[in-house]
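*Asks:* Respectively, the protein sequence lines represent chains X and F. Each residue of the first sequence is one higher than the one before, starting from -19 at the first, in the numbering used here. Each residue of the second sequence is one higher than the one before, starting from 12 at the first, in the numbering used here.
Since the hints were derived computationally from the structure, they do not count as laboratory data. Among the clues, some could well be false.
[Said to hold, decoys possible] Now the stretches of chain F that chain X is said to cover, found in silico as 3 or more residues with beta-carbon under 8 Å:
hint: 1; segment: 203 to 214
hint: 2; segment: 217 to 230
hint: 3; segment: 249 to 258
[As the list claims (entries may be wrong)] Simulated pairs of lysine to aspartate or glutamate, EDC-like, Cα-Cα distance not exceeding 20 Å:
hint: 4; chain 1: X; residue 1: Lys119; chain 2: F; residue 2: Glu89
hint: 5; chain 1: X; residue 1: Lys164; chain 2: F; residue 2: Glu53
hint: 6; chain 1: X; residue 1: Lys153; chain 2: F; residue 2: Glu25
hint: 7; chain 1: F; residue 1: Lys173; chain 2: F; residue 2: Glu127
hint: 8; chain 1: X; residue 1: Lys164; chain 2: F; residue 2: Glu127
hint: 9; chain 1: X; residue 1: Lys(-16); chain 2: X; residue 2: Asp51
hint: 10; chain 1: F; residue 1: Lys173; chain 2: F; residue 2: Glu25
hint: 11; chain 1: X; residue 1: Lys153; chain 2: F; residue 2: Asp128
hint: 12; chain 1: X; residue 1: Lys153; chain 2: F; residue 2: Asp223
[What the hints assert, rightly or not] Distance ranges between label pairs, derived from CB positions:
hint: 13; chain 1: X; residue 1: Gln90; chain 2: F; residue 2: Phe211; range: 58 to 64 Å
hint: 14; chain 1: F; residue 1: Gly28; chain 2: X; residue 2: Tyr22; range: 26 to 32 Å
hint: 15; chain 1: X; residue 1: Asp161; chain 2: F; residue 2: Trp19; range: 53 to 59 Å
hint: 16; chain 1: X; residue 1: Asp161; chain 2: F; residue 2: Glu33; range: 19 to 25 Å
hint: 17; chain 1: X; residue 1: Trp44; chain 2: F; residue 2: Ser86; range: 22 to 28 Å
hint: 18; chain 1: F; residue 1: Thr44; chain 2: X; residue 2: Gln90; range: 24 to 30 Å
Cβ atoms here follow ideal geometry from the backbone N, Cα and C, with glycine treated the same way.
Residue-level listing of the chains:
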Amino acid sequence: MATKMREYILEVASDLFLTQGINATSVDAIVAKADIAKVTLYKYFKSKEQLILEYLKDYDDKLWSILSKGDEHASAETQLTNLVINLLELIGNPDFKGFAFINAGVEFPQSDSAVHQTSREFSRNLRNQLAKLAAAAGKKNAEVLALQLQMVIEGASVSNELQIKAEAIEHAKDMARILIDSAK
Amino acid sequence: MEILNSSWLLRMLENGGSKPSEKLLSLFSCLETWLGAPGIRERFVADFKPDPMLNQRCPALTARLTELATQARISRPEVFVAQMLILLQGALTEEVRNPGLGALNAARVAARAILEDAIQRPALKPAWKWSGAAVASILIGMAGYLVGSQIAVETTADSYQKAYNQAMLESSPINPDLIAKVMALQAEINAGHCPAPQLFAMPQDQAAAYMDMITYRASMHPLQDSERLTKFLVWYKQNREWECYFPPSNGHTAVSWVPRGKQYGY
């Protein structure tokens, strides 16, 4: 029961964070939406900040489980392409509301805040994974390629309008293929 | 991000190189220079928010980039510009997160790779393996394609110019009513109904403001220019407007409209 309640609160909060933004979502709004007492929320989460951190961690777990699907025995270059294309397709999904960690990083620009730190950690993980695959695929400037791919992904992920986003995703996929292909 | 719509950035692009492709790619280094100026980066980071796509928000910049991409003979200019702006968006996000680690530079390198790919696209290589008639027919085909694409390029360039002009007017900081008045007067001058103003006869600053407006150049001093344009309109009314001649809208003129024919009884 305890874990269930915790998950439920996290789910409601995640939904609000994603759709309204983190700063714009008050604890009161979460409590109202979840139809629980404020005390209950604070029983499971010490503070709003802890709730945010849990939300980001949860988001990260889900994200990686989606991205790592695909052929594990394929060549590193194929895996790299798959990772990027999977990610872009995820972004292209009409339900996608922006990367939690990008939004959070922007909403908490002070570099000493825990949320900002966590947000940076997520993007670092993504970058590291991209760089690892790029290096395994024999790319000399693996770091630069990883940075470029990440910029392509993030750049395509900001649009809200479906039609425009669908186009942007297609453009981004083409770009990713060209970049992976042309990198030495 | 008003920098992306500023005429400063458009001017910097012009100085970015001699070839259109160099001008295109200089967008990234221009912004890097801009971010390097004192105090700019802090304000940029503080104001940054992940807004909708750049090509929706920066009509003037998008139009100019598309124009350059067309001149650079890129096969699908709009697609390339969209891709470039996606890269720019990503680079700016990265720049907020990890300031000064060369995100814009990496984006420029990526844009160059995309650009080279887009220019090479019409793959002609396999054609060389074929012989005789096949090669000849391909050459004829290519010639046709080149002529056709040239025409296509020119018509699209025209429509981009129009879109660009429109965007410049719309993003101008000068009062839209005033712009509308000046442009309406200019339309009458172009149609030959009113005499062109004698630029030497009017105060120089007014002439400059007026020329900027009708050639769609962005005003650098909107407040002063609005005043000058207002004065210019008054000057025109007092000195030149009496020469205007508006032909009757029904096409009849006092000279040629002489009722003829038996039905009038002459």
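*Asks:* Please work out if lysine 164 (chain X) and glutamate 53 (chain F) have their alpha carbons no farther apart than 20 Å.
*Replies:* Not OK: lysine 164 (chain X) and glutamate 53 (chain F) at ~36 Å, beyond 20 Å, violated.
*Asks:* Take the C-alpha atoms of lysine 164 (chain X) and glutamate 127 (chain F), compute the straight-line distance between them, and say whether it is at most 20 Å.
*Replies:* Holds, at about 15 Å.
*Asks:* Has the hinted range 24 to 30 Å been met by the Cβ atoms of threonine 44 (chain F) and glutamine 90 (chain X)?
*Replies:* Given range 24 to 30 Å: holds, Cβ gap about 27 Å.
*Asks:* Check, residue by residue, whether the segment 203 to 214 of chain F contains three or more positions whose beta-carbon lies closer than 8 Å to a beta-carbon of chain X, and give the verdict.
*Replies:* violated (count 0)
*Asks:* Between aspartate 161 (chain X) and glutamate 33 (chain F), does the C-beta distance stay in 19 to 25 Å?
*Replies:* holds, 24 Å
*Asks:* So the hint says 22 to 28 Å: do the beta-carbon atoms of tryptophan 44 (chain X) and serine 86 (chain F) match that?
*Replies:* Violated, at about 37 Å.
*Asks:* Take a look at whether the Cβ-Cβ distance between glutamine 90 (chain X) and phenylalanine 211 (chain F) falls inside 58 to 64 Å.
*Replies:* Distance hint for glutamine 90 (chain X), phenylalanine 211 (chain F) holds at roughly 59 Å.
*Asks:* May I ask you to test the hint 53 to 59 Å on the CB atoms belonging to aspartate 161 (chain X) and tryptophan 19 (chain F)?
*Replies:* Between aspartate 161 (chain X) and tryptophan 19 (chain F), where Cβ atoms are some 36 Å apart, the hint is violated.
*Asks:* Given the proposed pairing of lysine -16 (chain X) with aspartate 51 (chain X), does the C-alpha separation stay at or below 20 Å?
*Replies:* Not OK: lysine -16 (chain X) and aspartate 51 (chain X) at ~33 Å, beyond 20 Å, violated.
*Asks:* For the segment 249 to 258 of chain F, do three or more residues have a beta carbon lying closer than 8 Å to a beta carbon of chain X?
*Replies:* violated (count 0)
*Asks:* Examine the segment 217 to 230 of chain F for residues whose CB is less than 8 Å from any CB of chain X, and state whether their number is three or more.
*Replies:* The restraint on the segment 217 to 230 of chain F is violated, since only 0 of its residues have a Cβ under 8 Å from chain X and three are required.
*Asks:* With a cut-off of 20 Å on the C-alpha distance, tell me whether lysine 119 (chain X) and glutamate 89 (chain F) pass.
*Replies:* violated, 30 Å
Checked against the numbered hints given earlier, the structure breaks hints 1, 2, 3, 4, 5, 6, 7, 9, 12, 14, 15 and 17 and satisfies all the rest.
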